[in-house]
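Order-wise, the sequence lines are chains A, B, C and D. Note that numbering that gives the first Met the number 0 numbers the first sequence so that position 176 is 175, with each residue one more than the last. Note that numbering that gives the first Met the number 0 numbers the second sequence so that position 71 is 70, with each residue one more than the last. Note that numbering that gives the first Met the number 0 numbers the third sequence so that position 289 is 288, with each residue one more than the last. Note that numbering that gives the first Met the number 0 numbers the fourth sequence so that position 295 is 294, with each residue one more than the last.
Honestly, I wouldn't trust all of these hints.
Here are the in silico distance ranges between beta carbons for each label pair [stated by the list, open to error]:
hint, chain 1, residue 1, chain 2, residue 2, range
1, B, E157, D, L153, 43 to 51 Å
2, B, E157, A, E298, 39 to 47 Å
3, D, P224, C, K332, 52 to 60 Å
4, A, S152, B, E336, 37 to 45 Å
5, A, H164, B, E297, 35 to 43 Å
6, B, A42, D, P224, 33 to 41 Å
7, A, A252, D, T258, 33 to 41 Å
Simulated from the structure, these hints should not be mistaken for laboratory data. Using N, Cα and C, we set each Cβ at its ideal position, and we do this for glycine too.
Number of protein chains: 4
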Amino acid sequence: MLNFACDYLDAAHPKVLEALVRENFVKTGCYGEDDVFSDAARAKIREAAAAPEAEVWFLAGGTQTNMVVISTMLENWQGVFAAKTGHVAVHEAGAIEASGHKVLELPSVNGKIVPADLEAAFRSWEGDGNRWHMVQPGLVYVTQSTECGTLYSLAELEAISEITHRHGARLFLDGARLFYGLAAAGNDVSLADIARLTDAFYIGGTKCGLLFGEAVVFPKAGTVPHFFTQMKQKGALLAKGKVLGIQFDTLMADGLGLTIAAHADREADRIRAALRGKGYTTLYDNPTNQIFVQFTNEEAERLGREVVMSFWERTDADHVVLRIATSWATDPKDTDELIALL
Amino acid sequence: MLNFACDYLDAAHPKVLEALVRENFVKTGCYGEDDVFSDAARAKIREAAAAPEAEVWFLAGGTQTNMVVISTMLENWQGVFAAKTGHVAVHEAGAIEASGHKVLELPSVNGKIVPADLEAAFRSWEGDGNRWHMVQPGLVYVTQSTECGTLYSLAELEAISEITHRHGARLFLDGARLFYGLAAAGNDVSLADIARLTDAFYIGGTKCGLLFGEAVVFPKAGTVPHFFTQMKQKGALLAKGKVLGIQFDTLMADGLGLTIAAHADREADRIRAALRGKGYTTLYDNPTNQIFVQFTNEEAERLGREVVMSFWERTDADHVVLRIATSWATDPKDTDELIALL
Amino acid sequence: MLNFACDYLDAAHPKVLEALVRENFVKTGCYGEDDVFSDAARAKIREAAAAPEAEVWFLAGGTQTNMVVISTMLENWQGVFAAKTGHVAVHEAGAIEASGHKVLELPSVNGKIVPADLEAAFRSWEGDGNRWHMVQPGLVYVTQSTECGTLYSLAELEAISEITHRHGARLFLDGARLFYGLAAAGNDVSLADIARLTDAFYIGGTKCGLLFGEAVVFPKAGTVPHFFTQMKQKGALLAKGKVLGIQFDTLMADGLGLTIAAHADREADRIRAALRGKGYTTLYDNPTNQIFVQFTNEEAERLGREVVMSFWERTDADHVVLRIATSWATDPKDTDELIALL
Amino acid sequence: MLNFACDYLDAAHPKVLEALVRENFVKTGCYGEDDVFSDAARAKIREAAAAPEAEVWFLAGGTQTNMVVISTMLENWQGVFAAKTGHVAVHEAGAIEASGHKVLELPSVNGKIVPADLEAAFRSWEGDGNRWHMVQPGLVYVTQSTECGTLYSLAELEAISEITHRHGARLFLDGARLFYGLAAAGNDVSLADIARLTDAFYIGGTKCGLLFGEAVVFPKAGTVPHFFTQMKQKGALLAKGKVLGIQFDTLMADGLGLTIAAHADREADRIRAALRGKGYTTLYDNPTNQIFVQFTNEEAERLGREVVMSFWERTDADHVVLRIATSWATDPKDTDELIALL
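Required output: the full structure, derived from the provided sequences and hints.
Next comes the structure, spelled out in structure tokens:
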């Protein structure tokens, strides 16, 4: 059975496992106070992001990271703007609200916030005579690549950054699939751009080569006071900091993350080309490792006998949209087989 | 200067103040354990609502009541459906989210949830393969009369109640302006209907004759366990229970609430007729004590020199919508003057 | 039946009710934006506290006030020191924890924090190698008069203030019974001292002459950002701000609060003298309006047939401690009757 | 440099890493819906605990596990009893309070709750006339082995379980170091006893052989409704469920956990004997892998040049208590060297 259900099917890139085995008995400080591997990983991230002053923290997963970063960046009376398709708005079981903050939903166009909508939303709040009876927008949340597999262009991200900061708010970029975005055909946004334009972002490891792990980057140190204690309080401080340090040190070495993400994107490109050739309808014209295809019920059933894909949404009684995801671990032979089945 | 800014300008109906003065030194139990006035008020509410088993609690204000009721009716993993114009969605500074729960916004048509939208929203959640990564809708919030001054018809409320319960959720009605709805021309929803169709509702006193106070009614006793302690924890338990008991006992006696609300609605009807006669545009075709009128900037400025109204929204660069509210305390002579100014 | 159960049995001082009646139809801004009565009350409080820059807010009750002030003064990673008998530690149903913060309990000696214990507690945290895995003490909570009816001396309060600030924390004084403390025999702490030594305090109206209401004072304006919106979010913003403004304006005029509290304290002094004369054991040697007396079960039963007192604690199988409370409203004839019964 | 600072210095037992490498590309369901490895691990846990109906979940770390389990087992108005030395009371940065619940501290005798103190605490709450203004004790938290390295005897645990349930509360056992307790000399509490006596417990992997991971066991399925969604909401649901499944499947196979914990306990026994022989003072007479030794400042400084130990507490100006911890990974040669240095 082929499996293209998601990009977190496989445990970890072999080099990551090798490093864990190799460094297994090297004793370092605990609770993130690992000044060997974690500090080495931090140095590589700062360099890759051209952000020498950046503060870097390692957490276990995406929802945890979003919740910890957003709830510690917001004041009590503030909320966060997000596209209504944003992960924090839909698929985190209300984690942001459980931490006390409102997700202020904006329209989603191909999974993205449109700068003009953001500008209008800030102005609406600012111009409302009752605004201090309302939640103040204190943060803007964007995803790169988005939940729809699309990408913000550099121009879009610059516009969003400018708008956000002009209105006194801050910008947070969810990079659960950041490497797949960086490696995509046509992408014009670099890690250094992201570090320059945002107040916080994270580099996703879980979906790109690690057993688990996300690296939070605050380009400007001190953005969130006592982040260490706040991580601890949210249950997000791993006892064995080196387990995350070793993994990220490996992922950031010699461009490993980019290389393996590029592989996934290229495999996805092949599938997209095949789908196009055979006349299938795909949602969003996107260049990353996720593909959203509309099938008739019959097609979905037939393919479902040989390929695991994941449910995205039902179009109507006769059609359904399924997601095909490639990953760093996708075997090109599996891709060939999938294409043959289409 | 005339003042039609809101329906909570004046302190309390004279009969309420008289009762407070009269019963000032009658000593009763504290912290809501007032078995004299509060129990008398409870009995009157049960009778008016034809709900002999109902549990009744008295709280201080609307946002507090919404927050306490919603957060104690929801399980950790649940959220509440509300029209996107609903008070809890917009004007409570994120109180529901601060209590840990998501407000799941539905389209608002004239301030109301449309039954078909509610049905679709429940089905969307139920049919989503990722629904247990999402917030479960556990409660539906409606307002009567709504933030736009409109009313649910009995048929609409019955449909919403049926849909809500069929999908395993519960229904809560915010009655901050309930009396103004009950007394409105054309209203076909009685207090007994509300008690029959909802799992919780409240009768607003703050906006209709009391110094402050809202009476929460759970038609079925035991709906929320340990509501007393939960009120205390949220800071919503008044030390002098009798202060609320005396006020509600007065408001529920001899139909006082209905009578004074009817006065407000009639004054609003006069203003509406005058506006219509003079060709003004009003938003929503509503029969209660709030009127939303679109003015040109010039009109707004001219009137604003003699009448206090409140900002609702800006239509465009040249037009603004202002709210005119009557109340139980509106002096007919003030209404006459206002009409003359239009 | 005599009733000495608590100091919130009666509704409000007649002058307060008279003012409410008199100003009933004066229209002012809403939601605390009442620039007539509230501003007048604020001015009187600033003058009485010799704190011309102070920011003053009016809330409904004590638990609400403690919860709103403490949770808005603390950062996410901080908690509050309190005597283990403190109201916030025991009798608020976990309101502080429900707002996300730990109450760090200190020993209670006669209801008070001992400065040396506070110093030691700060040093213990500062000297702990694991302190950033722990809750940081960010605030110190004291009560005047305390839950045991005792008073901090000026020297004690100065010591606590000095220790608190030297360790980088802030001081909050719960003044639910502040007037009873200010008026007590032997008290050497003035309102101006409190304003000088604390970062926040409140003047309790509920227990001293008002229908309800507490006045929060931040001697230094801006201590808590966006307190208005945070009050709203916690359900603590009363729609009719003038209802609180009128009451406090009356209570602060011509020393009314102090005068009526002095009456209560004098009545309590008479009861204390009688108890002493008859050989009863009282807990705490305190000078305010609460008296804690140990009775044999037989005595408690006998008196309980004619006087309502409140349960404090059980000493052993044969003895119980009950509380006798006088108030601004205590009728001297009731005191006489009580003394005759002892 | 020798390192006996803690029991989470080394990454993972080689068999665990081997399994991760071996199963790296086996594709299973995501988000804990891994029916291969996780289900196999669950089966082994149920068998080891003689709890065939038990519900088992895998989380990432100890503080996270305590916070998720406690906050989902408690009702809004409830708190949790814990020894004042308990991890949740001291070293979790207020995670329980941040989730809204009070930790009700009990005296700690050698790191343990004394059954008589627990009985008294329940009775105190039940007998308090103001108990519904207070936090209800809904859960009892114990640790095995405790933060002081001590063990509850079976008789003690049975007493605590009986008291807890008789008073209508539930019992949760934190097993971060459970294997070290199970393997200790003189231990008479089995995994099956724990499953029989508690309502929830967890088996700690982080401190005993895994990269990270704790297995929560609810002996009675359905104890916490929608635990899956609640984990997600708290950021505790790992995307790659199999990473935890593989690890626990390995740890539970062929008694691996017990075997490696026994090694640690034996090494600690050797150190304890040596300390005793040389006249050092140890705190707590305990049989597990943690040893708390009082040193003079000079001794601490001398040893500190060659051995990393961790700070526990300062006894006085001249003495300090340090912790020596062995683990599954302690090299006997390191133990020999340490003993030689003493």
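Checked hints:
no. : hint                            : in the structure
1   : E157(B) <-> L153(D): 43 to 51 Å : violated, 60 Å
2   : E157(B) <-> E298(A): 39 to 47 Å : holds, 42 Å
3   : P224(D) <-> K332(C): 52 to 60 Å : holds, 58 Å
4   : S152(A) <-> E336(B): 37 to 45 Å : violated, 58 Å
5   : H164(A) <-> E297(B): 35 to 43 Å : holds, 37 Å
6   : A42(B) <-> P224(D): 33 to 41 Å  : holds, 36 Å
7   : A252(A) <-> T258(D): 33 to 41 Å : holds, 36 Å
Checked against the numbered hints listed earlier, the structure breaks hints 1, 4; every other hint is satisfied.
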